[in-house]
Each structure stands twice: as structure tokens, then as C-alpha cells.
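Reconstruct the complex from the two isolated chains, following the hints.
Line order of the protein sequences matches chains A and B.
When you line the first sequence up against this note's numbering, it's residues 6 to 306, in that order.
When you line the second sequence up against this note's numbering, it's residues 32 to 521, in that order.
Keep in mind that the hints are not guaranteed to be accurate.
[What the hints assert, rightly or not] Partial pick of chain A residues on the chain B-facing surface, computed with a CB cut under 10 Å:
1) Gln57
2) His58
3) Phe194
Please keep in mind that the hints were generated in silico from the structure rather than gathered at the bench.
The beta carbon of each residue, even a glycine, is placed where N, CA and C say it ideally should be.
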Amino acid sequence: MKTTPRRLLLSLLLFLSACAAPPIDVDVPVIQTGIDSDAWATVPAGSFLLGQHEHETPLEYDYEIMITDVTNAQYAEFLNAALATGEVQLQDDAVVGFYPGDTFRGCRHELEIAAGDWAFVPLDAPALRLTFADGQFTAQPGYENHPMTMVTWFGAWGYCHSHGWRLPTNAEWEKAARGQDNRPFPWGFEIEDNYANFLNSHDIFERFFEGIGGTTPVGFYNGQTYDGYATQDGASPYGLYDMAGNVWQWTGDVQEGAHYRSLRGGSHTTYGYNLRIWTPNNADPTHAGPDVGFRCARDSE
Amino acid sequence: MQFIISRFKFLFRSTKGLVLVSIALIALVTAFMGTLSGPMREWGVTSFVTETFGLRLLSAEREGRIILLYHTIAIAVVALETYLITESVPMKPHEQTQINATITFGYIITLIFGLKFGYFGHGFAFHGLYIFGLSLVFFAGLLLAAALWPWRAEFRVTDPQRAHWGTVDLERAAFFAMAVATLGSALFGAVTGSYWGNGHETFLAEDILREPEKTALQLAIIGHLHIMLTLIAVALALLVGRRFDFKGTLHKISMPLFIVGTIVITLGVWAVVPFESIAHIIIYVGSTIVLLGALFMVIYSFGKITRDRLAEQGIKTPTFGQKVAALLHDPLKFGMLWQMVFMNFVVSFPGIFMAVTLEKIFRVWPLRQERVLLTGHWHVLAGIVATIILLYYADLVGLTGRVRKVFGWVIILASDLAFGAALIYMLQGLFVSTWDSAPLANVTTLLMDAGLGLVLIALAALMSWRLIDLFKDHGRWRTELSEAEAEVLP
Numbered sequence: 006m007k008t009t010p011r012r013l014l015l016s017l018l019l020f021l022s023a024c025a026a027p028p029i030d031v032d033v034p035v036i037q038t039g040i041d042s043d044a045w046a047t048v049p050a051g052s053f054l055l056g057q058h059e060h061e062t063p064l065e066y067d068y069e070i071m072i073t074d075v076t077n078a079q080y081a082e083f084l085n086a087a088l089a090t091g092e093v094q095l096q097d098d099a100v101v102g103f104y105p106g107d108t109f110r111g112c113r114h115e116l117e118i119a120a121g122d123w124a125f126v127p128l129d130a131p132a133l134r135l136t137f138a139d140g141q142f143t144a145q146p147g148y149e150n151h152p153m154t155m156v157t158w159f160g161a162w163g164y165c166h167s168h169g170w171r172l173p174t175n176a177e178w179e180k181a182a183r184g185q186d187n188r189p190f191p192w193g194f195e196i197e198d199n200y201a202n203f204l205n206s207h208d209i210f211e212r213f214f215e216g217i218g219g220t221t222p223v224g225f226y227n228g229q230t231y232d233g234y235a236t237q238d239g240a241s242p243y244g245l246y247d248m249a250g251n252v253w254q255w256t257g258d259v260q261e262g263a264h265y266r267s268l269r270g271g272s273h274t275t276y277g278y279n280l281r282i283w284t285p286n287n288a289d290p291t292h293a294g295p296d297v298g299f300r301c302a303r304d305s306e
Numbered sequence: 032m033q034f035i036i037s038r039f040k041f042l043f044r045s046t047k048g049l050v051l052v053s054i055a056l057i058a059l060v061t062a063f064m065g066t067l068s069g070p071m072r073e074w075g076v077t078s079f080v081t082e083t084f085g086l087r088l089l090s091a092e093r094e095g096r097i098i099l100l101y102h103t104i105a106i107a108v109v110a111l112e113t114y115l116i117t118e119s120v121p122m123k124p125h126e127q128t129q130i131n132a133t134i135t136f137g138y139i140i141t142l143i144f145g146l147k148f149g150y151f152g153h154g155f156a157f158h159g160l161y162i163f164g165l166s167l168v169f170f171a172g173l174l175l176a177a178a179l180w181p182w183r184a185e186f187r188v189t190d191p192q193r194a195h196w197g198t199v200d201l202e203r204a205a206f207f208a209m210a211v212a213t214l215g216s217a218l219f220g221a222v223t224g225s226y227w228g229n230g231h232e233t234f235l236a237e238d239i240l241r242e243p244e245k246t247a248l249q250l251a252i253i254g255h256l257h258i259m260l261t262l263i264a265v266a267l268a269l270l271v272g273r274r275f276d277f278k279g280t281l282h283k284i285s286m287p288l289f290i291v292g293t294i295v296i297t298l299g300v301w302a303v304v305p306f307e308s309i310a311h312i313i314i315y316v317g318s319t320i321v322l323l324g325a326l327f328m329v330i331y332s333f334g335k336i337t338r339d340r341l342a343e344q345g346i347k348t349p350t351f352g353q354k355v356a357a358l359l360h361d362p363l364k365f366g367m368l369w370q371m372v373f374m375n376f377v378v379s380f381p382g383i384f385m386a387v388t389l390e391k392i393f394r395v396w397p398l399r400q401e402r403v404l405l406t407g408h409w410h411v412l413a414g415i416v417a418t419i420i421l422l423y424y425a426d427l428v429g430l431t432g433r434v435r436k437v438f439g440w441v442i443i444l445a446s447d448l449a450f451g452a453a454l455i456y457m458l459q460g461l462f463v464s465t466w467d468s469a470p471l472a473n474v475t476t477l478l479m480d481a482g483l484g485l486v487l488i489a490l491a492a493l494m495s496w497r498l499i500d501l502f503k504d505h506g507r508w509r510t511e512l513s514e515a516e517a518e519v520l521p
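If we strip away everything but chain B, and leave its shape as in the complex, we get (with noise of 0.2 Å):
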């Protein structure tokens, strides 16, 4: 008994154990999913899986799933970065626990229950539980933003090295503003939820693109979807910034930019219903304000993880190739930082490219061709994010050594084989006719596959170790654990 309770202590209530858990659940949903499409489905792995487990996959559900699957996916990633903010953003160790305890059980019921809703049948108990979850998540969301009330006089900031107005945290009322929109953008999506069946009908946003008139609860659902997402990344990057130490003059001018640039871009999306013309101006403003702050602190933690290196080994005058090799030196530090740089070759250039030629030459493509386009991005997107997170697990953890190195350009060229691979599958018909394009789309598909493989690969191989070391008596679940209660204890 003690085997499993000890444990379950490390699992649940620590954030590494926490952040281990949600982890290995998404993994899990993501290798079990994976069975029913592509080519898993033509060499019948689909069917079997679909018999085995008795999944109940109706051709006129698909879009119903394909939304049920990202909210328990993407929740769960919330929780993920929930557990990391409440363990590095400074809060009272109550707090920490309050919320952390509500956002785990809230997120666990709404993958469980949303999938069993979604995949094996449709009690609408499991669609009221999994609604349930989201809700528990909702509220831990509101315990949160309180812990992370940037007026609270026990955590005011007076270092001059770090950005403050008055005595005002400035990274964490970014933290906070973030969790803030995050909120306002959920309810922004469950309003319209709330309409299922009454006036709202499921429908995925890339399949109304061309619609002239869309409603106003389409129009919702779609910056729903956008938002959030943004906001997941905006979470990261300010993550990403505390996990080397962001300060100095650089920081000073970031979190504002973060703060202005997520507030900007939350009304600009919310303003997507009402004024609809006008509301991309504001995203395109506010998401140019967000990536300048996020650029500043990658320029920063470049310099830091070089400098720390070059100290490291002694170097006082550097060569270039000195620098250049210490800023590669460590692929986890690198890597966290290089896919934010990444992100904008497969993201946002060849979103603005879109955005300046989209009567000239996308808007003439056939809808389905634009589409893979619209969901291509995000997936990218999404993509790049799940990789920066485990850079970020695997930096927490302290893989080291050769295991450090092979992990960490695992992820980042495989990844970046396949993201780039994508898109060019997603721009295929700038280079190539249709009737040109099936190789094209066999060869990029096949690296994108190749690509993503080799990061579930390497996934699987973190996850197994993890697993394995649970079954040993001092195993690093041990430390990690001891490690958590010691920071607990006054």
C-alpha cells in the first residue's frame, strides 16, 4: 500500500510528478488517436483498434470528435502549464495546492468523460461530466488569476534588474493578464456552447471560410479557437522567459510588450463578433506587440545560455565559433528558445504572406486546398508549443549527459523536418499543379510522418523511462518528490 501512496504523493502532489502525469495522458490519447487515421487507417490498424475497443466512429460525427478531442487535449496542456506557473510565479503554498488539486481533477474528468462521450457512444452523463470538468478547470482558472493578483503586497518587486511599475510585479501581472484573457476567452466559447442544439450546430471554422455571412456564434467559436491558443503560447513564452531567469533592460521593455500585446489581442478577437472588419487590425496589432516582448526575451536568453557557457568553460574572449558553439551547446536551453524563432518561418511569415496575397492567389485555390492551409498553421502552431513543453519537462528534470543531447535534437530537428515539410505540403499549390502536386504531397507527408515519428519516438522513450524509474524504491521520483515537500516546509 505504501508503494502505491507514496507514489500517487509524487504524481499528484508534486508539479513534477503533476506535470509528468499530464504528459504521459496526452502521449497516451495522442499514440491512441493516431491509430485512426492516415496511414494506420490503410494498413488496418484503424479497424482493429475501432473493434477492439468497441469505438462507435459514425462518418456524420467526425467534426463532433475531432472537437471533442482538441478540448480534452488542449486542457490538458492547460493544466500543464497551470502546475509550472503556480510553481514558479510565487504564490502562497495554499494557493498552489487549491488550485493545482481543482485544475487536476477538472482536467482528468474532461479528457475521461470527453472522450468516452466523443469515441465510445453518447451517454449525455459523460457529456455533463465532461462539461463538469471544464467547468472545475474554469474555476481553478479564477483561483489563479487571484493567486496571481499583481497588487498583493507580500510579492511586490522593487530589484531594479526586473520589470516593476511602483512596486508592481510587471512579469507577473503579464502572467496575470494572460490567465485573465484566458478566462474571458473560455467563456467566449461556452457561451456558444451553451447554444448546442439550441441554435448552434457543431461545425469546424476552416469548413465555413467562405461563407459570405457567418453568425455571430460562428463567429465566436472561431475566435474562441484563435485565442486560445494564442494564450496557451503566450503562457509558454512567459514560462519559457522565468525558466532562465529573464531580466535587465530587456526584460523591462518585454512585459510590458506582453502585457499590451495580450490584452490588445484578446479584445481584438473578442471584437471579432461585433465589428468584424476592423477586429483583425487589432490582432494583427496586438500579436506584432506580443512577439516583440517574446523576441526581446529570446534575444536575452540566447545571450545567457552563451555567456553562461562560455563561463563555464573559461572563455573570456570568445571567437565567434566559441559563441556559437555554447549557444548550441545545451539542446534542451537552445532548443526551448530556437522553435519560438522557428515558429515565425512556419507561422507567422507565411501567415502575413497569406494574409497580403489572399485575393491573388489563395482565394483562387479550391476551398479544400485553402483549408489544409487554415489547419495546417495551427497544427504547426500546436505542434511547435507540444515541443517547446518538452524541452521545458526534460530541462525540469535534468536529463544530462548524452541522454540531454540525443532527447534534445531529437525533438528539434525532427520536429523542424516535419513542420517544414508541412509547410510546404500547406503552400504546395504556389510551387506545383494539382496534377503535380500528388508526389509533392507524398514526399512532405512522408517527412512529416518521419518527422513527428522520430518526436513520439523519443516521447515514448522519456515517458518509459519515467514509468520504469516509478518502480524503483529511490528512484529520481524519489528525489523529486523530496525535493517538492522540502520547498513546501517553512
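Chain A extracted, bound-state conformation (with noise of 0.2 Å):
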């Protein structure tokens, strides 16, 4: 066969068709999980097993986390009723937020996080699920109850810290994933494609991107068939849903010497080893993606 030019172009834009983004703008199917991202699980004081070589650690003192991550309908929420009071503002299509910075100690690779006004949401994301128009924000149908991504650090905090609760710290994260025994995922020792959203986890949202996945609904996870699909119940001891799995999870914990935030529990981007409870990830704070939410804690009454 005679390599012509044109042969050769032919094939490099195939390959390049190849490499095409994913549909974004794609109907997804409302699916109700039946599971209630308003609901609270109540960590017990206790020791724990911190970390791949089991460190036992001592928490002594009673704590509530979210059962789910928070949706896009809570955070669109929490955005319309923040620009209501001010507590947001529009800037430079982003929403952005007060945050009181953080100490900097001039360490090596550390950047400075001053008080100011910080991104939470960056609006001209095309992955972000939100819409806005007329002044108000509106979660993308049939992403409702999805995760919020494509937010902050600082969005996450905002979050919180607006309804008067915190991002968990690691410990607590961690705690609140794994139970008191050593096990490597919530909801126990071994890994297997319907128990989490990871990547080809053959989940059924796989096929509305061509293959690639996004988010699935949280608590989608939990022991339901949806359309022929069944899961396995993926929640954790304490009942917490989607601790692997579905979208990284911001935590509160701010490093001395480091600007870096904690992301726990893996993502619908990577590979299922990735959804241990140790395993170690961190970002910019200014840090947002598609893989990326949150959850709150607090302090039990």
C-alpha cells in the first residue's frame, strides 16, 4: 500500500475525531435513590483505625456528617440565598466568597491564602451542572441530586460555614468511611464494579458519555436496581453513602507550612484502587473540577 499525503491526513483526523470532548449538554434520567441528602449520621466517640498501617487514633467526641454529598439543588440553594444577603457576589464569571485566609509560614512550594474574597464556583466551567438566569440558579435537570462539582475549597467551606457547620476534618472523614475495623472501603475488603462509581465501573450513566461517566446520583449505591442495573450497598458502617467513589470529597484540615486541601475517596475518574479510604489526595484550594464535591460535619447537639 503507497503512503500518500492525503492517507496520512485522513488518519490524523481520525485520530484526532478521536479525541473529541464528551457530550456535556446530555439528558440524563431523573433517578430517585430514595435516599435523603438532608439527612445526618451521628459518629460515635471512639477510636478508630487511621490510615493504611491502622494507626488506632483516639476521637473522643460524638460528631454528625452528611449521609450523602451535597446536591446541586442544595448548593444552588445555598447560592441563591448567599446572593440574596450578600454573602456572594458575581465577579469575573465566578461566584466568589469571603474567606478569612489562612496563617502562611513561608515554607517550601507554600502559597499564601490571604483573607479576601475567594472563588467558589467558576461559572464559565462547561462541566458545572448549575444554571443561571434571571438571577437565579438552577440545578441542570436530572442532575438534581447529583453531587455538586466544579466547586472550591473555598465554595465547599462557604457552604458549610454559611449554615453555621464545618468540612470534616481527615480524621473524622476517615473515621466516618471506615468504621472502628481496618477494612480498605465502606462497605468492606474487596471491590467490585456496582458497589461504587469509578472509573469503567460499567455504571449506567457510562453510556449517556460515550463511555467516560460522570456523576451518579448520591446514594445511588445502595443495594437498588435501577433499569436492569444493580447495585450492591456501597454505604459505610455509620450509613454514609458514596464515601468512594462518585467525586473526590474536600476536607477541612488546613497543613501547617502547606496551602494544599485534603480530597478524599476517589472519583468517577479514577481507577478502583484509587477508592481506598487512605488513599492521598490534595489540591489548590482554588482547585475545581468535575470530580470534585463536598460534605459537611458537625458537632452533635
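Set out below in C-alpha cells:
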């Protein structure tokens, strides 16, 4: 076969067409999981095994944590209320809000997080599942009960803070995910495709995005069968859903000498082994991604 | 019985046999472990293999398994390079025999019991045997360093074409420096390993990347893994130079650079523990010096293969096209050198770019994304080392005709396709957003799988050919054994 420039060009075009972005404005079905995203679980005081090497760690207080990630609908509601009170503003294609800043120590690679307005949500991000029209935020149809994504750490902090809550610390997050034994996954010791939403886990949403996948509704993996797709119950010992997979979750720790914020739990863009409870990840607090969300914690009443 | 004894003699007493065994074992381990991840997992092959072979793959132990796997493969590569060194650098026959025998026992024990401990349940006797194997390899390294002692009277060099200092052969000194640096760097890891379960916990370096404070033991491990791969690459570059009979002015410049570069880079890596803040600068200086040494070797060797081919063709005043054709004529010889050049495009230059733009670009990405870059760059470097070894081996055993060309070009083109795709995969955050990255990741993964798959097919074909040959009474193995025996005889 003779190689001609035309053949080469065609091959290149074919290759590049394979690199096209996945469809972003896809209608997804509204799936009710039956899991209440307003519900909280109480984690009782007591020690637990922290990390891969299972260090017994005391956490001598009860606390509460949301049983699901914050959803698009919940976040839209927050933004509307916060816009009305002036708690957040629109600025340069982003929703911004005040953050009081961190102590800057000038350590190696540390960036200063000063007091001031920081972006909560970038509005020009194509993967944002909120719509802003007539001064109101609404969740896109079908995505109401999906986890809020494209939210920075400041945006997650702002949501929790606004309600009088907080982001869970790393230890609180890990105990809530693991319980008091040494399981690597919230549901137990092994991972199978239908326990959680991770890369190539073959969930029903992967077919809407040409096999690439996106978020699933919060609490989707609860043992129900949806449209012939049977899930297993992926809840943690305290009844929390999506503590592994779906979206990474911001946590609240501010580490001395580093500006990074921890992300926990793995996501729909990572392989199954990244869903192990102790998997380390972090990002600059200004990072917002289609695979990053959060949930809040609060002291027990 | 004679059938087995004669094959055993070939496989374990001749350099070509020993190299063949080590490549075959690495290939088997690679093929087996390849079934445990990636698309094989999705296709259900992993479950089948796990059940069939009784593997014990606990999620919590993944990092430990990976570390054992790295060691078993790396130690086999160290053994392979040692065979090539004892064959090509002058030393006494009994020294060659002692070194080869010790390291062969060592790496095979390491490989068998390392994998047994990591993947088939934790009998701590197996871990002990694994350590014993590593110790034997270390002891073989001591013997090698002694055999390479540059001031040995019987191996003086006065040839004006070769780098020497007084009568000391500087090429021998470069091998010696590499061997001693490797021994010290192995200890660097071993000392930390001895604290395992006693203050040191298993970790992968890429996972603690952004920890503002690292322990001395963690820093030592990070240093150890970097310098060991570097020294494997230095040894291979020296061997390739030897294969091309590197000499002349460039040899005289290159060898001191190899010696100084190896010493500086090694001291830089050791300095990571006490002086982390300046260690990187020392490492950059050492790396630059070593890379310059390798560059001169590649320039000389490119010229040599071109000249040799043109002379073969009887062309006295070649055109540019004829020169290029002569350069590309033998893919095995060209490939060994080209892969070293290509390494700069997919490892060195991206590394420099990353270092320069660390704060502005890479530290803005999530850790998992930066981690891909870190794990990717050394996997690519290790992959390039492997392809150079394959090309070297195919040249050593004298592949001829069309098979030589097909094998050589498949290894070069397929691996470079895979490594190029890996580079795009690693740097995808520069080109696309997280949302858009999935299709790019899919395409580049496909290209990586296809490229590496082709390399593995070529490797499997080479190994199958050698396996079939072993069943022939007068196969190539017998010729190679006779050659080896003839060399030993006075």
C-alpha cells in the first residue's frame, strides 16, 4: 500500500476525531435513589484505625456528618440565598465569597492564602451542572440529586460555614468512612464494579457519556436496581453513601506549612484502587473539577 | 540426561545463555503481572489468574506488592547488565565465573521468593530468602567492583585512542565508579529497609510528594529508587559504548564525564537526606555531566555505524541521503543509540520543564494528576532501558536479514509510539480540562497499550525462537556455547 499525504492526513483526522470531548449537555434520566440528602449520621466517640497502616487514633467526641455529598440542588439553593444576603457576589465569571485566610509560614512550595474574596464556583466551566438565569441558580434537569461539582475548597467551606457547619477533618472523614475495623472500602474488604462509581465501573451513566462516565446521583449505590442495573449497598458502617467513588470530597484540615487541601474517597475518574479509604490526594484550594465535591460535618447536639 | 546438562551449561555458564535466562524470566514475570491490571482486569483475566494460581491480593497490601515486584524485575536487570560487563570488560575468567554464579543464585532467589512473599501469602521465611537473594547480589557486586579495580597492573591501557590517566583505563574506571556507586546506593535502601516494621512503613514515593515534612527514612528511599534506576542507565550507556568500540577524542572527553557525573549524581542523591534543599542542584549538575558523556558516545557511534555501512557499500563520497540511509540501515545498532536520544524528549526535557514550571503549573493540579507524571516518567525511563537491552541482546546473538530489520524497527517504532503517548497522557492537564481529558486519556492509553503490546509480541517471538532452538541438537545455542568455551580456553 502506498502512503500518500492524503492518507496520512485522513489518519490524523481520524485520530483527532477520537480525541473530541465527550458530549457535555446530555439529558440524563431523573433517578430517585430514595436516599435523603438532608439526612445526617451520628458518629459516636471512640478510637478508630487511621490510614493504611492502621494507627489506632482517638476521636473522643460524637459528631454528625451528612450521609451524602451536597447536591447540585442544595448548592443552588445556598447560592440563591447567599446572593440575596450579599454573602457571595458574581465577579469575573465566578461566584466569589469571603474567606478569612490562613497563617502563612513561607515554607517550601507554600502559597499564601490571604483573607479576601475567593472563587467559590467558576461559572464558565462547561461541566458545571448549575444554570444561572434571571438572577437565580438552578440545577440542570436530571442533575438535581447529583453531587455538586466544579466547586473550589472555598466554595465547599463557604457552604458549610454559611449553615453553621464545617468541613469534616481528615480524621472525621476517615472514621465516618471506615468505622472501627480495618476495612479498605466503606462497605468492606473487596471492590466490585457495582459498589461505587469509578473509572470503567460500567454504571448506567457511562453510556450517556460515550463510555466515559460522569457522576451518579448521591446514594445511588444502595442495593437497588435501576433500569436493570443492580447496585450493591456501598454504605459505610455509619450509613454514609459515596464515601468511595463518585466525587473526591474536600476536607477541612489546614496543614501547617502547606496550602493544599485534602481530597478524599476517589471519584468516577479514578481506578478502583484509588477508592481505598486512605488514598492520598490534595489540590490547591482554588481547584474545581467535575470530579470534586464535598459534604459537611457538625458537632453533635 | 546429556540433553539437559548441555542446555544447562549453555543457559547458566555462557554469557549469552545467562542473558537469555534473565530476559526470559523478566518477560515471564511481566506477562504474568500484566494480567493483574489495566484492561485485563476489566476483561476478567485478573480474576481467572488470581483464582487459578491462588494469588492473595489484599487491597491494603498493594503498595508492598508493587515494591517487591519492582525489586524482583530490577534485580534481574542488574544481573543481566553484570553478565554483559563481565563479558566485555577485561577480567580474569575465574572472576567472571564467581561473579556470574553468585549473582545468578542471588537474583533467581530474590525473584522467586520476592514474588512468593508478595503475591502468594506472607510466609516470612520467603521474605528472609528474598533478603538472602538480595544479599547475594550485593556480594556479587562487591566481587564485581574488586574485579573492575582500575589500577590493576594486568589491565593497563596505553592505547592513545582510548581515554586513560597514566596507565589507568578510564573506561574501566567509569564502570568501577558505577559499580561502587551502585553498591553504596543499594545500602542506602537496605538500611532503610532494615527499619521496616520498626519505624518505617511501606509507602510509594509519589504518594508523599506533597508532604511538607518527610522523615529521613522516606528521603532515603526516594533517593534510593532514583539513583538505582539512574545507575542502571549509566551502566547500559557504558555497555553500549563498549559494543560500538567507542574510542578517539570523544572517548577521551566522554569517559571523565561519565566518572565525574556518576560520582556527583550519586553524592547528590545521598545528600537528599541531610541536605535536601541543595541536593537537587547537585543532582542536576551530575545528570548534565552524565548526559553530556552519553551524548559524545552517541555522536561517535552514529558516525561509526554510518561510516561502516558506507564502507561496506563502497561509497566514498556519499550524499546526505546515502548517509541517512546508512545510519538507519541496521535498526538494532541505530536503535540502541536512538533510544538514548529519544529518552531526552520523553524524560529529560519534560523533567526540566516540570522543574522550571513546578509552582505555576504542576503544583496547581491535584496530587493524583501530578502523581501520574511522576510515576510515568520513570516507567518510561525503565521502558527505554528495557528496549535498549532487547536491541543489544538481539545484536549480540546476531539476528540477521529481514528478521533483524523487522525486530529492530518494531521495538523502536512501537516503543516510541507508546512512550510518546505516555508523555501526552502524563501532561494532559496542559492541553485539556479534567472533563475533556477522558477521551484523550482513552486514546493515549490505547496507543500505549498497542505500542507496548507490539514490543511484547516481538519479545515473545524472540523468546519462542530461542526456546525452540534449545530443542535442536545443533541449534544456535550450541554454537554460542562453543564460542563461550573457546573464549575461556587459553
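Outcome of the hint check:
no.: 1; hint: Gln57; result: 6 Å, holds
no.: 2; hint: His58; result: 5 Å, holds
no.: 3; hint: Phe194; result: 7 Å, holds
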